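Undergrad: As a plain string of letters, each chain reads:
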Amino acid sequence: MLTKRIIPCLDIKDGRTVKGVNFAELRDAGDPIELAALYALQGADELVFLDITATVEKRKTLSELVNKIAHKINIPFTVGGGIKTEEDVSVLLQNGADKISINTAAYIDPTIIKSFAKNFGSQCVVLAIDTKCEADGNWYVYLNGGRQKTDTLTTEWAKKAVDLGAGEILLTSMNHDGTKQGFALDITATLSSTLPVPIIASGGGGESAHFYDVFTTGKADAALAASIFHYKELAIPDLKQYLNNKGIPIRL
Amino acid sequence: MNTVIIQYNAGNIQSVLYALERIGMTAVVTDDPSLIQSADKVIFPGVGEASTAMQYLKERNLDVLIAELKQPVLGICLGMQLMCRYSEENNTPCLGIFDEQVQKFITTEPTLKIPQMGWNTICDLKSDLFTSVPENSFAYFVHGYYATLGKHTIAKTDYIQTYSAALQKNNFYGVQFHPEKSALVGEQIIKNFIAL
Chain W
0 MLTKRIIPCL DIKDGRTVKG VNFAELRDAG DPIELAALYA LQGADELVFL DITATVEKRK
60 TLSELVNKIA HKINIPFTVG GGIKTEEDVS VLLQNGADKI SINTAAYIDP TIIKSFAKNF
120 GSQCVVLAID TKCEADGNWY VYLNGGRQKT DTLTTEWAKK AVDLGAGEIL LTSMNHDGTK
180 QGFALDITAT LSSTLPVPII ASGGGGESAH FYDVFTTGKA DAALAASIFH YKELAIPDLK
240 QYLNNKGIPI RL
Chain A
0 MNTVIIQYNA GNIQSVLYAL ERIGMTAVVT DDPSLIQSAD KVIFPGVGEA STAMQYLKER
60 NLDVLIAELK QPVLGICLGM QLMCRYSEEN NTPCLGIFDE QVQKFITTEP TLKIPQMGWN
120 TICDLKSDLF TSVPENSFAY FVHGYYATLG KHTIAKTDYI QTYSAALQKN NFYGVQFHPE
180 KSALVGEQII KNFIAL
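Just so you know, the sequences run in chain order W and A.
The end of the first sequence is residue 251 by numbering that gives the first Met the number 0, with every number in the run present.
The end of the second sequence is residue 195 by numbering that gives the first Met the number 0, with every number in the run present.
Keep in mind the hints are simulated off the structure, nothing from the lab.
This structure is a prediction, so every number in the text was calculated from the model and none was measured.
Heads up, some of the hints might be wrong.
Unchecked claim - To spell it out: a stretch of chain W is covered by chain A in this simulated footprint if at least three of its residues, at any positions, have a beta carbon under 8 Å from a beta carbon of chain A; those stretches are: (1) 73-79; (2) 84-95.
What the hints assert, rightly or not - In the DSSO-like style, the derived pairs of lysine-lysine whose C-alpha atoms are separated by at most 27 Å in a straight line are: (3) 218(W) <-> 103(A); (4) 103(A) <-> 117(W); (5) 57(A) <-> 117(W); (6) 83(W) <-> 159(W); (7) 231(W) <-> 12(W); (8) 113(W) <-> 103(A); (9) 231(W) <-> 179(W).
The beta carbon of each residue, even a glycine, is placed where N, CA and C say it ideally should be.
Bound-form chain A, shown alone (with noise of 0.2 Å):
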């Protein structure tokens, strides 16, 4: 198994690679298209601010090659919310994988914290990618943006309201949560990800 973890301006990129030990696999962190486009699976981390982290990849033709690829690709948090259409976070055209778009969650109800920061539930599951994963289980989240229901929405998730917390089209999965930070139901859809 050839594991490949895109190496760009963003965060967590070493925690998702410690998550993949922690379970006994192995992965390279590289920018290199030659790597990325011969690896068995791709994961796409990302904690940051989507105008940047695009800037960066369409600078190095990674938008065009990403989203080209054939292989299982998994989006991790900031990752997925490049695979959709479109970021309200600085008005950011994003890499158009999947339909949905990204909005800022707003509340006027003071108690509702944004970013949402902690652990939230995760149901409607529809995917290989949750293989022995309970509904209503608890995944860990950051995130002051959202991706909207739509027909590649595969897990949903309530906080304001009702979004995507997962997405799927063909080969190209996204995850909202942080599976690398999610404990042993994180673990598994990790070891998912990779048996895909």
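Okay, chain W solo, but in the shape it has when bound (with noise of 0.2 Å):
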């Protein structure tokens, strides 16, 4: 049976892990090759590298760093942070990325989902969606990492992307991340039921029944989290066991 995905999240800014990571089991906390082999070796089924370098250098580091990852990591790894062009993802691709995220750059441009799955195919374009329920009840697109509402709402963006050929969606509640109180299981829901393509729940993952819940009430096919992760608040082998045990199909 096809099993419900795991993924951590890792922030890369120069080439490094950003958030403060404190793994015992790592001489380079700040490494982002030996964290992800680590949470490879732990069970992650994919991972997640972002990249929020605001440099010019910004594109030959994160090409470096994604094909030392390709040479250790023995999982998929999807790639994201400012991909705008054809050029951007034919490196990362040729550099051992298995997929790449495009959240800001695909809503300015929404062609360019058509020509990277044209090009690179539909099953390495994920789409990110940063999204927050407003006062109407509505939940709406946000862009340049949250900070800059649209009057857009998810479902209609999430519907046109997919149609164009996102592959995969990665949804971000940004009324859940970083309050450890569960995912947003009505949008995400909502998501599932309605498009063909997978949906990565993100944002709000606390303890392991959330994501119990995501996988059932949420419908998700994948559920990413960073932070408790990192800080070892919750470790991989033991949430896969627990969604194991309550009979999610979980690869352990």
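Bring the two chains, given one by one in their own frames, into a single complex with the hints.
TA: Here it is, written out as structure tokens:
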């Protein structure tokens, strides 16, 4: 049976992991490759690397890092952060990334979704959406790392992106991100039951039960989290054993 | 050991090379017919679309060359599908090494996403390719088309229906999943292929 995926996310700046990580197993907690290898060994099903470097050297630093990751990691990984052009995608895939994720650039110019899907295949085009539920009860798309609101409904943008060729949706709820109170179950379930592509839920995962909820009520295909793994508040093997015991299809 | 990865217009070729390097092997990525023919082992990878890949192979006479290889050949994902008789993906006649044909996943169940993307089990394992690989091991799949069950099936997977996760005919092997991305199970399968 196809299993639900657990995906740790690593934020990268200038080739280093950003969030303070304290793993006794690691010689260098700031080394994204060492941390990624540990997660892979612990049973992570995929990895996401989000590059938040803002310098002009970014592209070169990132492609070199991706190449090193690809030489070390034996599970699939996605790279995101500032990807705008076919050249950006081509360099990352040639250096060994399996998928790329796009967010604001795709909203500004949705035709890149189509061109990326045509040239590289939908399976490697992940559309990331930052979304927030407003007072009117609707979920809206936010851009630029959540700093800029739009008037576009998340359901509409997601459907359009999938029609253009996005192969997967990475949905982050800004209402839930950082709260550790659980994932946004309603919007995740809405997208998952209306779109033909997998939905990765992100934002709010604080304990094992939240992952159970997002895979059942939320109908998510995968769940992403960062700090709870980095700060060892939740160990991946424990989480996966819990889900397996609760009857969720999981790779152990 | 002289391993060649066939270079053509399909993705994931570098990933296969890196996977070999992770287990201490090397390989040459090439579309040179003489290098392919003289290799000890040939890997035929691929992520992409069947008809454009077949057209590319035909233009370079690689279709005939691959089908006539005598050494162990491992097709991965699209590579395996192209080794079948026919693919429903844009109605493409393929290499015809395996009699099985490639069909599109069809379902009315909205929770079953197409393509299948993620980790699924492989079972009924029958081949040296799976030495030291336990039944129901997990492998990583990304595909919207599948090879039917048939006499060349050496591993099965369930998604929407049961299909061929791997095929073998004589020196030709094919896997639908990505051993290069399937953690330790995948590394074992690659090692087994190199050891054939």
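Undergrad: Please go over all the hints and tell whether each is borne out by the structure.
TA: A quick look at each hint next to the structure:
Only when three residues or more bring their CB closer than 8 Å to a CB of chain A does the claim for the segment 73-79 of chain W stand; here the count is 3, and the claim holds. Taking a C-beta to C-beta cut-off of 8 Å, the segment 84-95 of chain W contributes 4 residues in contact with chain A, enough for the three needed, and the coverage statement holds. This hinted pair checks out: residue 218(W) and residue 103(A) have alpha carbons roughly 24 Å apart, not beyond 27 Å. With a CA separation close to 19 Å, the supplied pair residue 103(A) and residue 117(W) stays within the 27 Å bound.
Taking the CA atoms of residue 57(A) and residue 117(W), the gap is near 21 Å; set against the 27 Å cutoff, the hint holds. With a C-alpha separation of about 18 Å, the suggested pair residue 83(W) and residue 159(W) falls inside the 27 Å cut-off, and the hint holds. Only pairs whose Cα atoms come within 27 Å are accepted, and residue 231(W) paired with residue 12(W) is accepted, the gap being roughly 21 Å. Taken as a hint, the residue 113(W) and residue 103(A) pair is honoured in the structure, with Cα atoms around 22 Å apart against an allowance of 27 Å.
Pair hint residue 231(W) plus residue 179(W) holds up; C-alpha atoms about 14 Å apart against a cutoff of 27 Å.
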